[in-house]
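Residue numbers (the numbering used here), protein chains in the order written: chain A, 3 to 214; chain B, 8 to 186.
Calculated from the structure, these hints are not laboratory results.
One or more of the hints may lead you astray.
What the hints assert, rightly or not - Computed footprint of chain B on chain A; a stretch qualifies when at least three of its residues, placed anywhere within it, have a C-beta under 8 angstroms from a C-beta of chain B:
# : segment
1 : 27–37
2 : 52–66
3 : 71–80
4 : 90–102
Model, not experiment: these values are computed from the prediction.
By construction, the Cβ of each residue, glycine as well, lies at the ideal position given by its N, Cα and C atoms.
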Amino acid sequence: MDKMFNGTLDRDRAADYPLRRREVVAQLLADRGDMLVVAGLGAPVWDCTAVEDHPLNFPLWGAMGGAAALGLGLAMAQPGRRVLVITGDGEMLMGLGALTTIGAQQPDNLAVVVCDNERYGETGMQLTHTAGNLDLPAMALAAGFATAAKISSDNEFKAALPAIRTALGRTASGPGFWSIKIRAEETGIGAMPPKDGVTLKDRFRSALLGQK
Amino acid sequence: MQTDRAGGEPEDWTGAIFSVLRDWDVAQVAYVPDAGHSDLIIRCDQADGMRLVPLTTEEEGIALLAGAWLGGQRGVLLMQSSGVGNCINMLSLARVCRFPLLSLVTMRGQWGEFNPWQVPMGQLTPKVLADADNLVFAVDDARQIGAAVTGAARMAFEGPAQAAVLIGQAVIGAKSFGK
């Protein structure tokens, strides 16, 4: 195949990335304790639900570009809980301004993880900007995140896992951002969470607050 | 502070809004600024228990306040009418999940606007908000703003519903360069 639109994007490299999305997310959510999880639309929703359709997951079936901002509102409302946003590169790119809003607020209980396969996975695996030289962690650092890193190997992932899942009051100081480079592969949907937004909202608030 | 059009005492409509936000324990005040909101932003900034969250674009506020509600806090979104256009897809989050959403929109492009680029969204704002399932309360009299925000807040937080108060240029004045 010839170039799709220009020469700055690499259509091949992500097919060989060693980390696999379902295994990465399973490790992020293993023994999750009282963690609150926001899943950005698309594959991160299926990845999280494959682990468990947990009431303290808030999976987004739409609202593209909103996952990190939603996580920020939740993190500020629940400063005693770890809030983990798991989203994709396409979803994150649509809401990059939220990185700067998070940087301005400095919630130390918020972690944003981008499962970065360099693809729009739900629409035919078209390349995203991260297939080029775009450095999302550098953008997060510039926006004021306390920690930001790219993770490309299992060793790097294992080393970062405690920080990503940090319980509060230990080492976290300020928001964290991790771009986990995962293999570009179509994993299928698998388990789906409820589609009804009211159900998702009510069960989350019920599990967290004991009320609707 | 604004002198009402009947020439009576200045109407502290910003204070009226602030009281409503206090009554409802609004904790997150998300905004893209507008001159008409500048006094309210200062009051909220100085208030214990209120956290200002400046946004880069208004749609962030829809998502932010959904997260706040999931975590047990109430919020408000302050923006100008041109910002409403940035919110449309994200409003589906509030609509589908029935998140409460209280928006206070200062109007541009409506009444004596000097800048034609503000006119399209100013004219479209009530229509697109209503189309996106918002309850819309347009206010052109400073004396009625407190009551309008009181009603909108109740319908938003107890509905839950999306409720927007449109604060007209008849209240805030039409902006002009050099005044």
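Outcome of the hint check:
1. 27–37: violated (count 0)
2. 52–66: holds (count 6)
3. 71–80: Since three or more residues must qualify, the claim that chain B covers the segment 71–80 of chain A holds, with 10 doing so at under 8 angstroms.
4. 90–102: Our answer is that it holds, as 4 residues pass the Cβ test (under 8 angstroms) against chain B, meeting three.
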